[in-house]
Structures are given as C-alpha cells and as structure tokens.
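Engineer: Sequence:
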Amino acid sequence: REYLSLAAAAGSDPGGILEVLDAVGLRERVAQFPQGLDTPLAASGYPLAIGEVVALKLASALLVRPRVLMLSQLCDLIPAERLADVLRRLKAAGTTTLLCTGRPEDIVLDGWFRLEPHRQRRFATHAALIADAHTESNDAV
Numbered sequence: 084r085e086y087l088s089l090a091a092a093a094g095s096d097p098g099g100i101l102e103v104l105d106a107v108g109l110r111e112r113v114a115q116f117p118q119g120l121d122t123p124l125a126a127s128g129y130p131l132a133i134g135e136v137v138a139l140k141l142a143s144a145l146l147v148r149p150r151v152l153m154l155s156q157l158c159d160l161i162p163a164e165r166l167a168d169v170l171r172r173l174k175a176a177g178t179t180t181l182l183c184t185g186r187p188e189d190i191v192l193d194g195w196f197r198l199e200p201h202r203q204r205r206f207a208t209h210a211a212l213i214a215d216a217h218t219e220s221n222d223a224v
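Note that this note's numbering gives residue 218 to position 135 of the sequence shown, counting from 1, and the numbers run on in steps of one.
What the hints contain is simulated information worked out from the structure, not anything from laboratory work.
By construction, the Cβ of each residue, glycine as well, lies at the ideal position given by its N, Cα and C atoms.
Take these hints with a grain of salt, some might be off.
What the hints assert, rightly or not - So the derived label-pair ranges between C-beta atoms look like this: (1) Glu164 with His209: 14 to 24 Å; (2) Leu157 with Glu188: 29 to 39 Å; (3) Gln203 with Phe116: 36 to 46 Å; (4) His209 with Thr179: 17 to 27 Å; (5) Arg204 with Phe116: 41 to 51 Å; (6) Thr179 with His201: 15 to 25 Å; (7) Arg197 with Pro117: 21 to 31 Å; (8) Asp168 with Asp121: 20 to 30 Å; (9) Gln118 with His201: 50 to 60 Å; (10) Tyr129 with Cys183: 23 to 33 Å.
With the hints as extra help, turn the sequences into a complete structure.
Structural biologist: Now the structure itself:
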C-alpha cells in the first residue's frame, strides 16, 4: 500500500489502488499475502517475482499518469493482453509511452521509432521499420 500510496494523488479513492492492481494482474496475488496491501516489500521487491515487480511499477504509472513514460524490455515479462490493456489506459490518461520490446508482434502500437546516435525516425508500422533496417544493411555492403 505504501508504495502505491506515494503514487496516488492526495485524498484519492483507496479503491483506485485496488483497481490498478487488478489492471496489472496483482490484486489476487497481493490478497494472498498475510498482511495484504500492508505487506512490506524488500528493495528487490520480494516477496514479488521480477515480473510482478514490473507489474507493480506499471500500477504506479497508472496512478501517477505521467506525460511521458519510457518502459524497458522488462515489460515483456507482462502477458501481452495485460500490457496492451495497461498501454490503452495510459493513452486514455494522456500519457505518451515509449516501449522497448522484444516481442513487437504481440502488441498493436501507434508507431515505431528507430533511435540512432544522431537521428530518430518514426515508422507507421513494424513492417516499415524492418524494411528500413534491411535497406540500410544492404546499403552498407
């Protein structure tokens, strides 16, 4: 509770914490702990597994509703449908999310970026990004 309370707006509905835990798939897991929401977490996130720690951080982001959020490839530990739902919720809240992923085929995104040392390029589809990568590798030969 303490971790998510830091993210929640002052005076926010306590049900909001349960709602975001449900959205990221942690509500039942947390309910199994003897102290429930008041279970202390180690710096490593224990007793949560690494994927659950990532889910907890996503729950925090749902409460904070940042303008821009960068998500690492660790989010690949979250089931695709659940991550897609979280991304939809973040978008609806006005958050621009940059997702680094190793499983692009699992999630529908608004666009794709190639981040290079001296330029950044946006592509409408994953296929266009891949085609560009093949074009560049052929140009380098």
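Engineer: Hint by hint, note whether the structure agrees.
Structural biologist: Status of each hint after checking the structure:
| no. | hint | verdict |
| --- | --- | --- |
| 1 | Glu164 with His209: 14 to 24 Å | holds, 18 Å |
| 2 | Leu157 with Glu188: 29 to 39 Å | violated, 18 Å |
| 3 | Gln203 with Phe116: 36 to 46 Å | holds, 43 Å |
| 4 | His209 with Thr179: 17 to 27 Å | holds, 19 Å |
| 5 | Arg204 with Phe116: 41 to 51 Å | holds, 45 Å |
| 6 | Thr179 with His201: 15 to 25 Å | holds, 23 Å |
| 7 | Arg197 with Pro117: 21 to 31 Å | violated, 48 Å |
| 8 | Asp168 with Asp121: 20 to 30 Å | holds, 27 Å |
| 9 | Gln118 with His201: 50 to 60 Å | holds, 51 Å |
| 10 | Tyr129 with Cys183: 23 to 33 Å | holds, 25 Å |
Violated hints for the displayed structure, listed by number in ascending order: 2 and 7.
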